[in-house]
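Enquirer: Protein chains in written order, with the numbering used here: chain A, 1 to 1003; chain B, 1004 to 1110.
Treat each hint with caution, since some may be false.
Lysine-lysine pairs mimicking BS3-like chemistry, simulated, CA-CA at most 30 Å apart [unchecked claim]: (1) A:Lys-479 <-> A:Lys-428; (2) A:Lys-895 <-> A:Lys-693; (3) B:Lys-1067 <-> A:Lys-895; (4) A:Lys-701 <-> A:Lys-895; (5) A:Lys-693 <-> B:Lys-1067; (6) B:Lys-1102 <-> A:Lys-479; (7) B:Lys-1102 <-> A:Lys-488; (8) A:Lys-997 <-> A:Lys-987; (9) A:Lys-496 <-> A:Lys-340; (10) A:Lys-428 <-> B:Lys-1102; (11) A:Lys-889 <-> A:Lys-693; (12) A:Lys-997 <-> A:Lys-693; (13) A:Lys-698 <-> A:Lys-790; (14) B:Lys-1102 <-> B:Lys-1067.
Derived by calculation from the structure, the hints in this document are not laboratory data.
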Amino acid sequence: MSTRLATGGRLIDRSARRRFTFDGRAHEGYAGDTLASALLAGGHTLLGRSFKYHRPRGLVASGAEEPNALVGLGAGARFEPNQRATTTELFDGLQAVSQNAWPSLDWDVGVVNNAFARFLPAGFYYKMFMHPRPLWKHLFEPFIRRSAGLGRAPSERDADRYEHFYAFCDVLVVGGGIAGLQAALAAGRAGARVILLEQTAHWGGRSPVDGVRIDGGPAEAWINAAVQELDGMENVTLRPRTMGAGVYDHGYVLGYERVGDHDPAAEVPRHRLWRIRAARLITATGALERPLSFAGNDVPGVMLASAVRDYVVNWAVSPGDRTVVVTNNDDAYRTALALKSAGLEVPAILDARPRAEGELPEMARAHGIRVETGKGVAKVRGGRHVTAVGVCAQAGEGAVLEEIACDAVAMSGGWSPVVHLWSHCGGKLEWDAAQALFRPDPDRAPTGHDGHPFVATAGAASGALQADRAMADADENMKNVLQGIGRKSPSRKPPKVESAEEAPLAPVWQMPQGAGPALRAKMWLDYQNDVKVSDVRLAAQEGYESVEHTKRYTTLGMATDQGKLSNINGLATLSQALHEEIPQVGTTTFRPPYTPISMAAIAGEARGPVFQPLRRTPMHEWHEANGADWEPVGQWRRPYCYRRAGESRRDAVHREVRNTRNALGLLDASTLGKIMVSGPDAERFIDMLYTGKMSTLKPGKCRYGLMCDENGFLMDDGVCARLDERSFLCHTTSGGAERIHGWMEDWLQCEWWDWQVHVVNLTEQFAQVAVVGPNARNLLERLGGIDVSKETLPFMAWTEGTLGGFRARVFRISFSGELSFEIAVPASEGRAFWERLVEAGEGFGAMPYGTEALHVMRAEKGFIMIGDETDGTIIPQDLGLDWAISKKKEDFLGKRGMERVNMTSPDRWKLVGLETLDGSVLPDGAHAPAEGLNANGQRNTQGRVTSTYYSPTLGRGIAMALVHRGPERMGETIAFNVPGRTPVKAKIVEPVFYDPKGERQNV
Amino acid sequence: MLLLTCPNCGVTAEESEFHQGGEAHLRRAGPGSPDDAFEGYLFTRRNPHGVHFERWRHVFGCGKWFHAARCTATLEVFGTYPAQTTEPPADIVAAIRAKRPDWEGFR
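Chain B with its partners taken away, still in its complex shape (with noise of 0.2 Å):
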């Protein structure tokens, strides 16, 4: 069971306080949009066996959904931060680059 800081209230807290949302950073399409387009945005999701970024809302506690950088093989959490981003902020990409140098980056 994940330990996870709220970036909104800052309270870590265990996993079963929070609810997982899936890949974090998606592009909606909307009325317009190309199939291929639509289809990835609603069916086709990243399963990396690494670094990965995740939606969770902190459920049982402020409400707020944040985002977190973890990776999926070793559970290391890099950072958590508010949701109200289109990519992952600097520091956090720091982060990551400091733990994994190998890593190809952000799409």
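The shape of chain A in the complex, shown without the other chains (with noise of 0.2 Å):
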């Protein structure tokens, strides 16, 4: 079983203990221990268990690309499921439990799977679930729910603080191996800005571990000779603990940090999320080693080679006392080696390469280990962890001709280059046969903005493996990206670093090469998901023969570890089933993030009250004061009533329309759109934008207009008063505003540039009041100033003055049928003005009223709302606004689009008022059915609802609604469906419920 060794541990420090719990119970480790090197360090090996059959799973990997170990850490709102364990670090306090294993981790019913797993192939799913179909609901749903899934969702809200940082740099360099440490000072020492990040909390990647020397010294001293030169530059930011998460256009790069994760009592933000701009990326991400495809190579206790040897050399914990190593390259043999100076016992190197002299093979030999080659693994014996493997010949089937005991197993299939980043934005890769690897292409880099490759690569990621060679090809590279970026490389020679010398490896994907299918179906590619080499098979039998296909059909590198260790391995067991060459075969795509990001670090500060800018009125804060309830209109908040003690919104709103019906209502309109079009042009413009002729309205004038996109759909409507000869103001709907000004400039600026028009948005300069009711006169000839008497200031007619004291403009136009000024003031007085309103208003009844009593007053009058009666798609004819539309004019906006076939059609549903028979309101939205089927076999229907309400000046439901042929169908009865409820009948009636004649306006 594993252990803590005594002595060694190059990341620990003994003398700080770390308590932490697993599954509720009792847990110590050290300071510098991740929770994987603490867990495995306490003899857990058993870690979770797999997705799909349950299996036990322990540790195979030390970093990022770790598949198994999987837990939920923390507690209530700091819970987070699917945190990899190999790169949690220790702190006092951790909480952490296993996932995907009920009741508990050692007893799992779940492993019921596993039993039937040869009923589980690849595309199960997708066969499985087509018929019967009523066993999918009760059966296979139900099913599935309980089984799949990975760890759960945290059920409160992150108490955690995130951050964004923005940054821009000549040089970012990723990974903060000897090659980024090379790179980043042969940049830094050049003059350049350069960002170095590295995912881990150390610096120098795996040289320390796999004992390279620099220098004459150990690699530490150089890298930390490296740091500290770095860390002295002005001109260099170090980051730790930051991984380059993903590359995007143009050299935008994501950096997401975990500043807080190893100490949650520090006052900081838990994660930063660094938004980088780089005109020149580097690159050197390392390389993580594949598995070895044998039979039961998901044991717990089957481990890669190189996590083995960290675990030892890092964290001073061996996973085993006898070790049996399994290779088809040199590097594996530094496991051997460095077990063997822990103490530990390596009973066998099976080296699947007929023979193997190398340099790292006879000082394990001189070690005293037997090695043994042209062998493999056949089969792995243990349940819950390795107690033997099967010895076979590399070549053969399987036939196991010596058993080995062990309690652990180092695998290494060989090293991948991790090219993410540099296949994020386009990079292409080259297959190295001599290797088996794929690796960057440099004459198919990522290119920037200019057209010049923007991405390069330093040392392991590059595909120079060996440390000497990946230090000399960091050197090389980052020379000419220097020289790309017009900077002066320092004329230093490279550190020259000592490495043994590497011989080939021996590509080996299936193990043994002749293994039949009962082998096959215990061969494991992606651990997380649970595919096996048949699986891959199974699907290239099955026609699958594009990668991406057999992806998705098998499931292989879809998991949250996204293929790192699985995704080489697997499309070499395709291209074998194909009897194809790797190359051709190809790469599934490598997308962004690296590892899993946390979502609350891509939001940042953006939550909460800070989501979005919130738009205040003037008069937002006497809204606030006074009862409002809010509704959000676009950014804006408007008062949607106003409610009283004791009364309901419904309550509220019904009173405020008889108050605004029978005495007097105020009306916040400040959020109105206000867009001034002036110019000696503005007649030409305003005829383009409007469909009726606005050019004709006499200053001093109001015309309602209706404005519509090329298509003839109405898109906006509102009051266009002309302000003199050259300049009219627009009103649009408050949610209208900035669409209409940028809509206006389009044209201006890029259709109509001749023409001398321009066009301001004054939104935000005034506040706008509906004065409204019998009594809205009274109220404005008791402010006092503007004559506003009927025959001075008729119905569509504005004015300006002084009212009151205050300068104002007064449009005597009416959105609810009643007598009606809306009056603007500069917006820095909106507060005072509405309050002297209140004030002297309350001699006539004068109450405020919410977007809700707007919205009633106006469908009782059958006024159209944009949004309610408009979805985009209809044209002003539909809602009978044929008169809006000038005919005389050649041009406007839509005008081409309104004369297609479709537009005058007299098959349109059009605008028709409903009512009830029985008085109640329909819901909104809530369709007619009509006779018969359509073409999907689905009921046709005949109308639909757009505005709905009760009415208290009726006492009744009101409803308009968008019916086929409508306005031909006037007091037809027909019925509308709603859900739950017998159908309602409706008679369709005119759209004007109330004062149709508009006597009560034009008082």
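Two chains, each in its own frame: build the complex with the hints.
Expert: Shown next as structure tokens:
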């Protein structure tokens, strides 16, 4: 079993104990431990259950590529599922729970799936659940839902803080191994602005573990000196615990810094998202070791050779007393040597190659380790832990020649450069047959806005796996990069790196090479998604030739580890099954992020009240202090109604409507769009914008107008006031002001750029109040100033002057059908003006009213509302607004669109009013079914409700609707479907329910 | 996220400072135009894998519309120029030709 060694451990501090719990049980580790190393030191080799078959799983890796050891971390508002134990730094009080096991990790009922494994092959879901249909609902879905899924989602709101950083640099280096450090040093010395990111808390990468020597001393000494020098450079930013997450267009890179994960007590943001613009990006992201595909390669205790070495050297953790090493390359011999020098037993090294005579194998032999060439693992004995391996000839079919008792297996199938960041933005790969790996093709690098490559690689990420070559590669590539950005690179020689010379590996995609179906069904490719060699072969057999299709069919590489360990082995297996070369099969697409990043980091500070800006009218605080129930309107907040003590919203709305109709209502209409169109060609322009002939409007007058897009679809409406000979003030909907302003700019800048017109969005310059009701004129006369008599200021006229001492424009327009004045004052005076109206209005029964009362009153009058009666497919003619469309104008925006056959068809749905026979209120959006079925076998419909309210004025439900040939069907009764009720019958009537002659507004 | 330079104010900024406005150099088909011309104006858009001309507005800057000549395959930006033109200016065409000798030309 695994345990902590008495000495060693370059990353741990034995004087600093750290207490933590796993599944509720207390454990202890040291500062510098990861959760993985601490658990392994505590004898925990079983850390999770697999996704599909619930097989027992332990650690495979020691870093970001770990597929198995996913745990839930923290509790309550700080709980987070699917965290990799290998990248979780240990701290005092850490709480971790295992996942995907019930009732417990040791005794998991889901393991029954394992017994049925042969009934759950690749594509199982696709094939199985097609037929018979009823089984899906009652059998398959409940079963899958219970057994699928990894960790549980947190149930509480995240208690932590997150933030974004913006940064710009000449050179961004991702990866703080020796290649990354060397690249950063070269760039830093050349005076470039450099940012260096390292995903772990430690610099130097693998070199210290691998015993690399630099400039005559241990790698660690050089690494420390390099970090110190970089730290001293003002032009260099060092960022450990920060992963290069994704590379995007034109040198945009996301970094993911885990600021507070390792120290939750610190008052810092938990994660920080770095949004970096880099002229050049160097990926020094190293390489990942590949597992070997032999039967039972998922049994806990079977680990990557490099991970075994890491646990021994970095954290003084022995994965087992007796470790069998199985490999196809020289590098894994380092693991055997590291185990040996830690005093642990290595019963044998099984090398699949026919010969192993390099420097490292000879060292192993010199240490008395038994080396068996041409051999592999036929199978692994053990359920929850390795107990032995069966040795076979790699060339054979898996006959066991010998069993070797052991409690750990260190496997190495070679290394794959981490090409993710290179590939994110279009960098292409080439197949290196000698090393059996895909590496970045420097001639097909991702290119930036200027067409020049902006990504280069350094070290193992280039495919230069051996430390001395990695250093040379980093130095040379960096020189080229610096030259490309016009920087003189320092003439220093790169440091001298000593690393054992490694003999070439032999590609091994299956062990033994002649393994039959029984063995292949136990060879795991993707540990997290439970995909085996047999699944990929089945996919190939069933015709999935494209690697992208095979991936989706088998779910290979689709788990949270994104196939870091499985992709190359998987596509090699596919290529063998298809009898094609690996480069012909190709890779799947690498997509960001490199490892999962928190959603909260993506959101950063943009949550809660600062999610988006809030627009307030000048009277906002007054509304707030006077009982406003807010309604969001775009980014504005508008009072829906003003509730009084004991009132429901509904009561309040009805009171506001009745009071406005009978006495006096005040509405804050400041959000209304106000766009000034001015210039010698303003008439010409305004006639293009509106469907009607607005240019005939006289100064001092107002007119209702419609704006359509080029399809002829109605997109905005409002009252246009002519200010003077060359200026118009266009009122738009509250939500449409910015859009319409942009629309005008577009036409003026891009189509009619020779017209002399300018447009200004004045929406926020004015506060606007609608004074509405029979007492409206009385109130304005009380304020004194402008003559607002019927004769001087008739309906649809406007004037300006002072009103109660306020500079004001008064528009006599009405959206309620009552006598109504809309008064605009400078925004800075809005609050004072509003309060003056409220105060002076007391004797006239003035009450503020909100948007809902506004809606009810406009519906009672049959006035349309953009977004209710329109949905982007409605032309003005559908709404009976033909009178607002000029027949004389040669052109306006939307005219040609309206001429199309479908727009002039008599079969369109048109606006009508509806009166329910029982007086009830129809639900919004209710449809009226018609006879017959459409082409999709669905019931035909003949109309739908667009606006529907209880009218306090009429004491009954009223609605507006679009109905097939509606206006021709006045008096007809049709039925609307209402969920859970019998269809509601409604009579088609004129859409104007109240004061159809408009006598009330014209007084 | 693209980097673009506004030809009006000279600012080079991130894509999020701009709004994309679809294909550039469309010819408006107004009243009286035949159906196919109108359909082309309203709906038919080029979607080339290569050189493309696009409308952009510096919406969180100077507010001006401009055009960008861009490669949709490599995202290389050949140049940006004011929107007050019916076809790409000669210097932009020359810049594209220099980088993409096989380009079939504008329209």
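Enquirer: Under the criterion that the straight-line Cα-Cα distance not exceed 30 Å, is the pair A:Lys-895, A:Lys-693 satisfied?
Expert: Roughly 13 Å separates the two Cα atoms, so the pair holds.
Enquirer: Can you confirm whether the C-alpha distance between A:Lys-997 and A:Lys-693 stays at or below 30 Å?
Expert: Roughly 24 Å separates the two Cα atoms, so the pair holds.
Enquirer: For the pair we were handed, A:Lys-496 and A:Lys-340, check the Cα-Cα distance against 30 Å.
Expert: The hint holds at about 28 Å.
Enquirer: Are A:Lys-889 and A:Lys-693 close enough, with their CA atoms no more than 30 Å apart?
Expert: OK: A:Lys-889 and A:Lys-693 at ~7 Å, within 30 Å.
Enquirer: Within 30 Å, alpha carbon to alpha carbon, are B:Lys-1067 and A:Lys-895?
Expert: Distance ~27 Å between B:Lys-1067 and A:Lys-895 Cα, so the pair holds.
Enquirer: B:Lys-1102 and A:Lys-479 were given as a pair; does the straight-line alpha-carbon distance stay at or below 30 Å?
Expert: holds (26 Å)
Enquirer: Given the proposed pairing of B:Lys-1102 with A:Lys-488, does the C-alpha separation stay at or below 30 Å?
Expert: holds (27 Å)
Enquirer: Take a quick look at whether A:Lys-428 and B:Lys-1102 sit within 30 Å of each other, Cα to Cα.
Expert: Cα-Cα ~20 Å, so holds.
Enquirer: Given the hint that A:Lys-479 pairs with A:Lys-428, does the C-alpha gap stay at or below 30 Å?
Expert: The given pair, whose Cα atoms are some 22 Å apart, holds under the 30 Å limit.
Enquirer: Run the distance test for A:Lys-693 versus B:Lys-1067: straight-line Cα separation, threshold 30 Å.
Expert: holds (28 Å)
Enquirer: Verify the proposed pairing of A:Lys-997 with A:Lys-987, using a straight-line Cα cut of 30 Å.
Expert: Given that 30 Å is the threshold and the Cα spacing comes to 21 Å, the pair holds.
Enquirer: Take a quick look at whether A:Lys-698 and A:Lys-790 sit within 30 Å of each other, Cα to Cα.
Expert: holds (18 Å)
Checked against the numbered hints above, the structure breaks none of them.
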